[in-house]
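Given the coordinates of chain X, work out where chain V with the ligands should sit on it, guided by the hints.
Take a look at the letters that make up each chain.
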Amino acid sequence: MKPGSLMAPEKAHLTLDVNGERIEVMFARHKTLLEVLREDLRLTGTKHGCELGECGTCAVLVDGQPVLSCLVLGLACAGKSIRTVEGMADAELHPLQRAFADLGAAQCGYCTPGFLLTAEALLKQNPKPTCREIEEALSGNLCRCTGYLKIYEAVELAAAWMRGEQAEPRDEVLYGRR
Amino acid sequence: MAGDERYGRTDGQTGGSSISLSDRPTVHPSNRGEGLRVVGQPLRKVDAVSKVIGATKFADDLMLPRMLYCKLLRSPHPHATILRVDTSRAAALAGVKAVLTGRDLPIPFGILPVSQDEHALAPDRVRFIGDPVAAIAAITEEIATEALDLIDVEYEPLPAVTSPIAALEDTDTPIHDYGDRGNLHKLINLEFGDVGEGFARADHIREDILFYEGSTHLAMEQHAALAEWSPGGKLTLWSSTQTPHYVHRALAQVLELPPSRIRVIATPNGGGFGGKSDPFSHEIVVAKLAMKTGRPVKCTLTREEVFYCHRGRHPTLIWTRTGVTKDGRITAMHVRTLLDGGGYGSYGVASTYYTGALQTVTYQIERYKFQGARAFTNKAPCGPKRGHGTPQPRFALEVQMDKLAHDIGLDPAELRLRHLVPPGSVTANYLQIGSMGLGACIDKVTAGADWKERYGKLPLGRGIGLACSSYISGAGLPIYWNNMPHSGVQLRCDRGGGVTVLCGSTDIGQGSDSILAHIVAEVLGLTLEDIAVVTADTDLTPVDLGSYASRVTLMSGNAALQAAERARDIIARHAAAKLDVPTERVVFADRRVFDASDPENGMPFADAVQTAEAVEGTIGTVGSYTPPMSPGRYRGHGVGPSPAYSYSAAVVEVEVDPETGIITVPRIWIAHDVGRCINPVTVMGQVEGSVYMGLGEALMEEMPHRSNVKNAHKNPSMLEYKSPTTLEMCDVVTYLIEDPDPNGPFGAKEVGQGPLLPVPPAVANAVYDAVGVRVDEVPVTPEKILRALKDKARGKEGRYGPMSFPDIHWPAPTVVPPPWEGGDGRAVTDIRHQGGRRKVSHPERQH
Ligand code: FES
Ligand code: FES
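In the order they appear, the protein sequences are chains X and V. Sequential numbering from 4 applies to the first sequence in the working numbering. Sequential numbering from 171 applies to the second sequence in the working numbering.
So here's chain X without its partners, still in its complex pose (with noise of 0.2 Å):
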C-alpha cells in the first residue's frame, strides 16, 4: 500500500445489522469486523487476543454461527445480522451472562465475551448439551484463567433455565468437594 493511500484510504459506506439496530457506518476498506466493531461503532466489548485467527476471544454471531471477527472483513458482513456482547442483555442479564458472574466464570473477563456468544449459538442449536459437546463447541476458545471448568458449568446451568427449569449451581461448584 502507498503511504498515500494509508493517509487517505478508501472508505467503505454500507449498513451493518449490529444487534438487531441497522446502522450506517463508513470505514477503510480493509478493516476487518474486529476493527469495524470496535473502532468505528465503538462496541469494544468484542476483544482480541491475538488477530490472527488462533484464539477464539473475538468471536461473535454472524447470522447466528460463532466468527471470528479478527478473520471477516467488514464489507464481507454487509445484509448479515451481527450479534455481539452488547447486544445479550437488554434490561436483565440473559440467562449465560447470569450464570457466568453466579459462578466465577468470567475471571479476568477478557474472553467471556467469546464464550458467552459461541455457547449462546450451541445452545440454540442444541438446549440440552452434554458436557462433551460443551468441550466440543467451545474448543477455539482459549480462556488462561479458570481453566474452563466454571465455564462448562455455567453454560449447563444457564441451559438449564432456558429450558425453564429450576436448577441452582452444585453445592461442589461453590464450595469445593467436601
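Derived from the structure by calculation, the hints contain no laboratory data. Everything hinted at is true.
Quick list of in silico lysine-lysine cross-link-like pairs, DSSO-like style, CA-CA up to 30 Å:
hint	chain 1	residue 1	chain 2	residue 2
1	V	Lys227	X	Lys127
2	V	Lys627	V	Lys960
3	X	Lys14	V	Lys267
4	X	Lys14	V	Lys227
5	X	Lys83	V	Lys227
6	X	Lys34	V	Lys267
It should be emphasised that the depicted structure is a prediction, and the values quoted were computed from it without experimental measurement.
Just chain V with the ligands now, with coordinates in the frame of chain X:
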C-alpha cells in the same frame, strides 16, 4: 480445623526453634469463623456484571479524541551494537507525528533496584530479538506500522549467548556490564548447618538432575497502554499493569518528572499471571510521545510482541541431593539451580533466590544448602510467572521424594505425612510457618483418589502420582526496602449508607476488588452492593505494592480490615450514645446497627453514619498493613519470608500408551489450604485456574529459542505455543482446606499460585506409576516418555532427563546455623569441626 492453642507455641515437634514467637498475634476472634455473614459466602464478584456484559474497559478499549497510535521497532538480532539509527525517512511520512530513539530516553530502569538494566529504547546495544529500538506515533496504526519500515538501523552483530551453559564461559563482551561474573547475573551460596555431616547421618542418599522448561503467561489480553499529557504539566497513563506503583516510580525516574505530576491508572487486566508486573518499554514510550506531541498516544502490543516481552518462567536446571533415614526423615538436602535469565534482569535476582527458598516449608529438613545461579542469555527476558521461581525446584523436590519413597520402600503419601513441618515452627532457613494444613490436604486427595487401593496397582498404562507444595502469601519485604506499609486503604462512609473503599491494589481477574468489598461489608454489617471499590489509581488510592507474590488478599485485606474496624469503632461510639447502650454491645449486621442484647433497639446503618457524622464530621478512616519481621538476619534472607504459607496437595491420574508414549490426564484431585475462603467460589476459580496452568506446563507449554537460527523465539504465536484447550483440560476435584492463619484477614492465605505447583511433579510421578519410567523434565511429552521407555527396553534405567549439572565456581557460602543448632538467624563466616563440636565465629555484617 486447627485448634487455636497451637499459635504462639515456640517449638515444633522436632528440632524446636530458638526463635520466640511471642510477638506473633494470636488468632483474632473473627478468624475463628463464627458468625460470619459475608466472608465465606459464594457471592458474585463486584465486577462480574460489567465483565459479562462487555462493559469493563480494558486498556485497549480506551480511545481518546485526537489519539495517536504507537508502534515499536524491535531488534532482529539477538545481540548487536547499534551503530546508527536514522529516522528521517520515517519522520517524513505523512501522518507520522513523532519518532523516538534511545537517545530520547537515556535513563535506565528496571523493576529491582539492583537490576536497573533496561532502557525504554535501546540506546547502543540490543540483547534479544524483540528488544525495542525506536518508536513511532502516527495518526493511524497502519501508518505507524508502515513508518517502522522506514527507520534505518545499522547493527554490528555480537556473538549471541544461546544457553546458560554457554554463559558460564569467560567472555570479552558480556551481555551486561554488571552482575556477579561474566554473563552470570547472580550467584548465591547459602548453607544452613553442616550438610556434610547431615548426609553422613543419612541411611540413604540420592542425587537427581532435572530440568524445567520455560513457559510464558499467555494472558489473553495483549499489553496496552494509553498516555495523555496535559500542557498544565500532568501525565496520565492507563495501562494493563499488575503493578501501577512500580510503573509510577519508573515513569518518574525515566521521564524526570515529579511523581505528583504523574497519574498511573491500572486498567482491569485481562489476565496477568506475572506477565504484567514489570514496567515496560511501551508504557514509558507512549508517555514520552504524549509529552512530545501533546496528544494522547496508545500502544497495543501484538501477540508476537507479547511473547518478546515475556518475563515468564525461567528454564531451570536443578541438581538435588537428599539424604534420608530409614523412615524418610531428611537429614540433609543440597540443591543447585541454574536459571536461563534471558536478556535482562527483571525480577531475576528474586527468582533465583526463590529457586532455593521454599524447599524447607513442607517437610522438615534438618540441614539445607542452596546454590543458585542466573545467567544472562540473548533471549526474551524471564521473570515472574505464577509461582515465581518455585515451580521448578518444587518439581525437583517432589519427584525426588517419590523416588526416595520407592528407594526406601515407603508409600509416597506416608513418607510426606510423617515429616510435615509443624505449624508455628521456624525452618532451617528461618522461615516462620503459621498455619499448616498440608496433612489435611494429603488426606483429602489420597482419600478422593482412592490412593491406598489404586497406587501401584493399576494396570500397565494407567497410573496415579502425588505431589505437594506451598507458596507465600506475599513477600515479607518490599522490592524497595523501607519501613512503610505494603498496602494501604482509605474508607469513606456516605450519609446514604454506602461505603467507598480506596486501595492501590489491582484486579487482574483474581478478584482482589471483591476481597476488599467482602471484608468491609463483613465488618460493617453491609452487603457487597453497599460497597463502592476504587482501586489502582495513583492519584486516588493509597499505595498497594501490586498484584504479585500472591500478596493482595492478605495485605490489602488486612488494610481494609483495619480501616473498616476503625470506622466501625467511630460509628459504634455514637450509635451507642444514641441507643443508650454500652459501646461493646453495639453490633453491625443486616445493614443495621443495634444492641446485641436487644436487637429491636437499633437503627439503619445510614442513620448511624449520620449520627456519627453530625458530631465528628466526615466519617473516613485509613488502614494499612506491614508484614511481621522475619526471623532471618543473614544476607539473602529477604526472599522467602511471608506472613503466611498456603499448602496444596495433588493426585494426578494419567493414561500413557506404552507403544506411543501418548499421555492423557483424565482427572486431578487437588486440595488447597487457603486459611479461610473470603469467597469460596473465587477460591475455587483460582485453584482450578492454577491446576489448568500447571497442567499446561506439565504437558505442553514451552518457549524454546532456536540456538542455530539467531536465537529466534521458536513459537511466538498462540497457534505454535501450545496451551490446553477445552479438549485437553481434565476433570478437577477440588477440596478447600481452611486452616486459618493468625496473620491473614479472617485467617485467609493465598490461593492464586500455590495450587499450580504440585501438578507438574504429580504428572511425572503418575507416569512412573503407569509405565515405570521417569521423565525428569517438564514438559512431559510423548516423545520423552517414549525415549524413556526405549531406554528401559534396552535394560537401562528407563529415564529421560538431563545427565549433568555444570561445574560452577560458587562464591564462598554464607553459613547460617539452623534455629535448632543455636542459630539466631545471623550468618557466621566460618564453621569448623573441632572434635565433633562446632565453633562459630565472625558474625556476618547485617544488612
Ligand atoms: S483475536 Fe484471536 S481469534 Fe480473533
Ligand atoms: S477469564 Fe481470563 S481469560 Fe478467561
